[in-house]
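Novice: Using the sequences and the accompanying hints, generate a full structural model.
First to last, the protein sequences are chains S and C.
Counting in our numbering, the first sequence runs from 604 upward without gaps.
Counting in our numbering, the second sequence runs from 116 upward without gaps.
Honestly, the hints are just simulated from the structure, not real lab data.
There may be inaccurate statements among the hints.
What the hints assert, rightly or not - Below, computed lysine to aspartate or glutamate pairings styled on EDC-like, alpha-carbon distance capped at 20 Å:
hint, chain 1, residue 1, chain 2, residue 2
1, C, Lys171, C, Asp627
2, S, Lys676, C, Glu522
3, C, Lys651, S, Asp624
4, C, Lys399, S, Glu642
Keep in mind it's a predicted model, so treat the numbers as computed, not measured.
Here's the letter readout for the chains.
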Amino acid sequence: MLKAKNKTGLVFFPAFDWAIDPIHPEREERLLYTQDQVEEEGIFDIEGILEYKPEIVTIEDIRRAHFCVPDEKTITTESHLISAGGAMAIAKAVMRKEVETGFALVRPPGHHSMRVSHGGRGFCHINMEAIMVEYLRSKHGIKRVAIVDTDCHHGDGTNNIYWHDPNVLFISMHQDGRTMYPGSGFPNELGGPNAMGTNLNIPLPPETSAEGYLYIMENTVMPAIADFKPDIIVNSAGQDNHYTDPLTNMNFSAQGYAELTTMLKPDIAVLEGGYSIEGALPYVNLGIILAMAGLDYSGVIEPDFNPEKLRQSQAITDKIKSVSEEINYSFQRREELRERAGEHGEIQQKVREIYYDTDNLYERQNEKIRVCRDCGGALEIDSKATPGHHILAVHIPHQACNECIETGYDIFDKADTKKYDKIFLQDRPKDIYKIKEN
Amino acid sequence: MIIGLDVGGTHTDVVLLSNKGFIKKVKVLTNPSDLFNTVLTGITELLKGISPESIKKIILSTTLTTNAVVQQNVNPVGIVVSSGPGIQAELFGNVKHYYKVKGAIDHRGRETENINKQEIEDVAKKLKKAGIEYVAVVGKFSVRNPSHEIVIKRILNKQFKKIFMGHNVSGNLNFPRRIATAHLNAAVYSMHKEFFTAIKASLDKKGINAPIQVLKSDGGTMSLDASLEIPARTVLSGPAASIIGSIPHAEGNKDTLVLDIGGTTTDIAILVNKTPLLEPLGIKIGIYKSLIRSLKTYSKGIGGDSFVNVQEGTLVIGHERKGPAMAFGGLYPTPTDAIVYLGMMEAGDKKLAEQGIAQIANQLNLSLDDTANLIVKTTCNQILDHSMKMVERINKKPVYTVHEFMEGYKIKVEKILLLGGPAEYLAQQIEEISGIETSAVPLSSVANAIGAALARTTCEVSLIADTEQGIATIHEEDYAEPISNSYTEKDAIETAYTILKEKARGLGANEDELKEIEVIESQSFNIVRNFSPKGKIFRMKIQIKPGLINGFEKMKFDKAALN
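Specialist: Following this line, the structure appears as structure tokens:
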């Protein structure tokens, strides 16, 4: 009888009755062959592997991570709530110490959802990892978190949510934004003035193979995590770096994913993208599960795997080495970078536009952050979507200092309801969410 | 008239039923080393004064294969597996003659690696040399495409007495369980065949020519002939017999908890709409997790003969049995002693029971009455606690669609049926504690044999249709047909019904039993590649659900019939 070395929890929620639309990649069929492979291997019969039922997240859960516009109900379906609930169920099992580690194989994904969400972008409506992490911070005393996003697309939603948060180390490794949606995630994107250097974006050149991924893991990701000393490690386990993925151009493999997982040892992994539903997902998911459980994964090899064909060029190896060095340099100088980024108490402003490809809308944001040496800083976001709503959102961060709490309430109290459809306040220290409207 | 027989660990129960009701019961001692004579004696006793021609059917539930598997007293089996990518197949072999050969099929049934004929011939030579007569041939994903198993069998054929193929054991996925199940079939085949051939011959001699059916672990029956291809399905049919025996007393609209309270253990099961819940994949027996369809039962080490003691001032109903109750000559107090002491049960030596209760009463510093009542109450409490945990676990089982998550059926127990020795004495107490209507099943000491007698033929098939590949298959029945793009769910249901009915007839079902068909699972998926639809996949499971044969619904079970 097989026995897992690490007790591992799994949530499997393939949402076999939900798709964005009938021929969309985010469709019913997506995890069908993964389910077949996992069931055929008898994974749930292995001693020490426990299957959990997903939960359904509540509006209160979502409100710790998001400002949903116009409200939570309008921009989500039950499948989004259950998918996020899958991550939540695993997190709780890990917190209760029923399992050492856990993997939520759920869909739809969530890592492109930002703090303000007007709808779907990059197939995502709400951010599963952020909802889970904020729950753990509010209810389980978790303070420092590392989120490593290994999806092939830049995890811009999670990056946005933790942009100003010095207590969350967010690392995304992804195909170079110049060649891939959403077109962001460059090494100079290091976080806001209060959290510079705890956001690490690692673009990888097209056709990077296992060698390159594992190089980055060993030389950049793992040292940064060791330095940061998180309470928990979360992996946004997208599987679209695979050499058969139809939407990307990378050369990663099931063996590579399993090795990456063995190295990272995430407490909680959450499935994100991955659209090679027959050639990759059954093998990659199996590899990740076995790696998490500490079982032998050496037999998990795609039928058409050919390491010679997937070997990366010297130019790619060199490029990855230099990206790694650049990021390591920034990470090591993060205190200095923050000092230079602004004066304590000063308000910094940024205007940006966000396109929601899934729901076809434009959002224009005017963001104001209070530069603060004591916490993540009070944050004010003026956001207008076309078509859509105009809102003002005020975020008081987890472990906020008194000045930032006061600043946040001051902005919220003074905000003019005539100017906005809605005005929101997210008070993370008190775990309170308020809405003002005309 | 029908004979139902259930071999238990201590007793073998035999009943005679007509469509008017219960006629007669016989209990004989089980001789585990001679089940053949146990069964024959039981039937002979029962038929004293009954004409053999009046018997229309005999249903047997025995512990033959169960004991053999648990005691590892079975034929040596050669296992040949082909696996392909995934967990190393070497890890699933727990027999000496286990060979992994080349060849791989993927999740959609496509060949991704050829088999090597020479390699298999070499394996055959080694198996022959080791004196192996029975072989199991199992491939990963063989239920999606059994061609490798079929070719391997062809190469091995004629060199071995019998070869069992993995894809025939079940339509369900689970390679390790498929290996275990094919292995079990091969391992018990010869003893099963010899036993039932001998039974049939002996009954023939006595002029009993009625067809013999064998009870399966899913509480359904199969003909003797059919059982030879799937002999492992007979394991652990005993608990299933009891559960089926409770069905006549369940109500359609009430979820029912069935508690079979024995001496050592209590078996817990659930009926929804008079149908017992099934294990999702299959039964676990000994070290084997299998794909053998079975009723969902949960066995807990608590019963009438549980060892009662006091630990650190607290009453404990132990998990172990240290012999019979003191009232029946045992050495240690048991819940049965409490029942006897309280005068609820007439049998047993009340004085001896009182001695047992006194031992406990002294340690607890309670009166004899309070102690006995506490023992009964604690026993009932623990049984209920285990039961409700089982219900909770079932209600928490994972679901894979939004619909099931939101609307999925939740079990709510509204009735409790008790079986087994102490059943009638505990009913009132269990009802009081749980607040749920509780009753002991009439004739509960032979409910198992009644269950065997009344069980209908059951079976299941799994259909997969893939319009991109242009094929609909039910591989466990060796069925495959070409299909076109216009194939619909209706076509899938029609095919599945036809094949299921054929299968049921093959197992010995009559036309009446074929009415109880239900769709357990029906899903369809668009196959989408590069933003364009390429076809559809239909997946369907249908079954004849476990339950009672028709014509016996109005049977009388009153005690008067006993006299």
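Novice: All hints, please: hold or fail.
Specialist: Hints versus structure:
| no. | hint | in the structure |
| --- | --- | --- |
| 1 | Lys171/C <-> Asp627/C | 16 Å, holds |
| 2 | Lys676/S <-> Glu522/C | 19 Å, holds |
| 3 | Lys651/C <-> Asp624/S | 15 Å, holds |
| 4 | Lys399/C <-> Glu642/S | 17 Å, holds |
Violation of the numbered hints given earlier is absent; every hint is satisfied by the structure.
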